[in-house]
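Engineer: Guided by the hints, dock chain B onto chain A, whose structure is given.
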Amino acid sequence: MATSARKRVVVSRAFLPPLASAVFLLLLVAIGSLLYGAGPVSPAEALAVLAGGGTDEARFVLMELRLPRTIIGMVTGLALGLAGALLQSMTRNPLAEPGLLGVSAGSGFAVALAILLGATTATLTTLVAQLGALAGCALVIAATRVQGLGNDPVRLVLAGATLSGLLMALTSMLMLVDQRAADEIRFWITGSIAGKPLDMLGATLPSIILALVMIVMVARPLAAMALGEKAAVGLGHHPGRIRLLITLSVALLVGSATALAGPLIFVGLVVPFIARALAGPDIRRTLWLCAPIGPIILLAADIVSRLIAAPAEMPLGVVTALVGAPILLAIVRAGRMPSL
Amino acid sequence: MTLPDKRTTITNIALFVVMLAAITASLAIGTLQLTPTEVALALAGQADPMTDLVVNQLRLDRTLAGLLTGAALAMAGCLMQTLARNRLATPGIIGIDNAATAFAVASVVGIGVSLAPSTMALTGAAVATALAFGLAGAKGTRGYRFIVAGIGIGAIAGSATQVLLSRVAIDTANAAYPWTVGSLNARSDQSVLVLAVGLGIGYLALMGISRALNTLQFSDPVAIALGTRLRSTRVLGLGLSVLLTGLAVSVCGPVGLIALLAPELARTLCRPGKVPLTASALAGATFMVTADLLGRTLFSPLEVPVGIITAIIGSPYLLWILLRPSQRSPT
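Protein sequences, first through last, are from chains A and B.
Per the numbering used here, the first sequence starts with residue 120, numbered consecutively.
Per the numbering used here, the second sequence starts with residue 3, numbered consecutively.
Derived by calculation from the structure, the hints in this document are not laboratory data.
Here the structure is a predicted model, which is why all the values come from computation and not from measurement.
Some clues are possibly wrong.
[Claimed, not checked] Among the chain B residues that face chain A by a calculated CB cut under 8 angstroms, a handful are:
| no. | residue |
| --- | --- |
| 1 | G210 |
| 2 | L304 |
| 3 | A313 |
| 4 | L320 |
[Stated by the list, open to error] Calculated Cβ distances over 12 angstroms to all of chain A for the following chain B residues:
| no. | residue |
| --- | --- |
| 5 | F18 |
| 6 | A49 |
| 7 | P51 |
| 8 | Q59 |
| 9 | L62 |
| 10 | D63 |
| 11 | I203 |
| 12 | Y205 |
| 13 | F220 |
| 14 | G229 |
| 15 | G241 |
[What the hints assert, rightly or not] Label pairs and their in silico Cβ distance ranges:
| no. | chain 1 | residue 1 | chain 2 | residue 2 | range |
| --- | --- | --- | --- | --- | --- |
| 16 | B | L195 | A | E176 | 53 to 61 angstroms |
| 17 | A | D297 | B | R169 | 22 to 30 angstroms |
| 18 | A | K349 | B | L232 | 28 to 36 angstroms |
| 19 | A | E303 | B | L60 | 28 to 36 angstroms |
| 20 | B | R169 | A | T174 | 50 to 58 angstroms |
Here a beta-carbon is modelled for each residue, glycine too, at the ideal position from N, C-alpha and C.
This is chain A alone, in the form it adopts within the complex (with noise of 0.2 angstroms):
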């Protein structure tokens, strides 16, 4: 019994200097994008405003543009990271993202068919986002349950990207048909955090908190289930609803994470690999790295995009594509899957 409490804590410490500096990291990240703007306010006048000083017009830019962005820039990241790191560790696919196998498009394609029917509340828009990432999920364990084809990671992400691009053209038809509803559309469908909404955040907050704890419950039976499905029954565990509340789970964060910022693409994918290599092969390490690596990733792609067409700027989802797709590209080339 001492023994095993004392290696707990021996293990609990040699994982602690990765978690504190990713955690240091994303407060410097998040300080950053309260400095850096395309606008015309100075990182010199925000620092003023930070230290209780400034004009008025660098406070109002900072309280109420740069402040609400970071944090729905937060949000998103943490929601989409630790949705590619369950899903990948559910269907034992390092490729598993939820932007490539198309659970961002099916629930980018559901919001874009609310708001040509009408919906306009932040509320409603995030619930039709989770019911539209739930039937992406739905799809994916579907596809995997197809024989063969779960074993061969690249071949889902080959039908995954398939599917997205039939949601996205389904997408764009609706968006040809009602040029008021298209406007709104192209909004969301970009994949970005400028200029959205704060009572959207209010709007997925409880479903975001809901998932944490599921996951919370969940992260225990999950690490067994990596030993394999029949070591999991072994030490008392159920397959199946260890199933159902992770793809609940991935369809709450996907789902407020694309009522948030729209379907952004690789960050899922991007999360989890960082943060594998930082914490091995537990599943309960990478969920606790992938919190504070998911906001920073998120956050830096978001500054630059401000910053790299300044005065203008770039769409989030864009600089998000351009930072995962080497990545996709290492891993495949890499040649040996990492194993899950």
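Structural biologist: The following block gives chain B in isolation, referenced to the frame of chain A:
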């Protein structure tokens, strides 16, 4: 050069007839409905000025562009599938379409030279092909790895297009939008002409190496024993598929899945063991003209870009290929 067998000849004639029907429909149907007789009269130059304008000025150009792009995309697809020995390895799936589009958009929003879109699209197609084959390993035929490399390249190129469009005036970006999803609306006469010349040269060259291509369905040693110069066949074949894809994209943008569907149909109809280039071209031209016709008329007066139509029709089929539980691998 191999002489076509009986089954292939019959298939080609049948596909040609279907293509003629599609052309007639494309010329006849629209806001102004015409009968086939009226279309024939207009083509012969004996119709009233109004009909003459609609058929010979508006619809004929568009239909010709559709025929040429469809045939070029389908032949490029058939060729690349044969070279990679993988029926999923079509230019659209491995990102060549997107890269060609990104380069062509760069020329449209950046340089105002009239020939630029064609040459830039060609450059983009060549770069993407080199990347896809380079990244997936020396042989370039390692099944799905090759394709995921292509998905990554396609994503990067798609983002690059977005970056370019986000940096220009909103009007230019809006005008370019239908073209980035694949449409016959934004074509320039010059690119169509370049495509016609390229397609002619490409078709003749392909007929020249058709025997060598037929032997590629066997393993490398067998193909060599049959007298095929593998290296030069591969290089020439890849070069031709880059040429055809790049020129087609410079006219119509990335119209997906024609390069997958048309060779698929042609292979089902023709005699097994031959690479059905002519049949693919005919089927591709028919698909393109029909899809464009659907896009023009389904939600008239609204025009749905042809790329959206092919995506909606083709994607479920591709998903079926990928997801059906099969004994043999679909590669």
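Engineer: For a quick check of understanding: which of the numbered hints are violated here, in increasing order?
Structural biologist: 1, 18, 20
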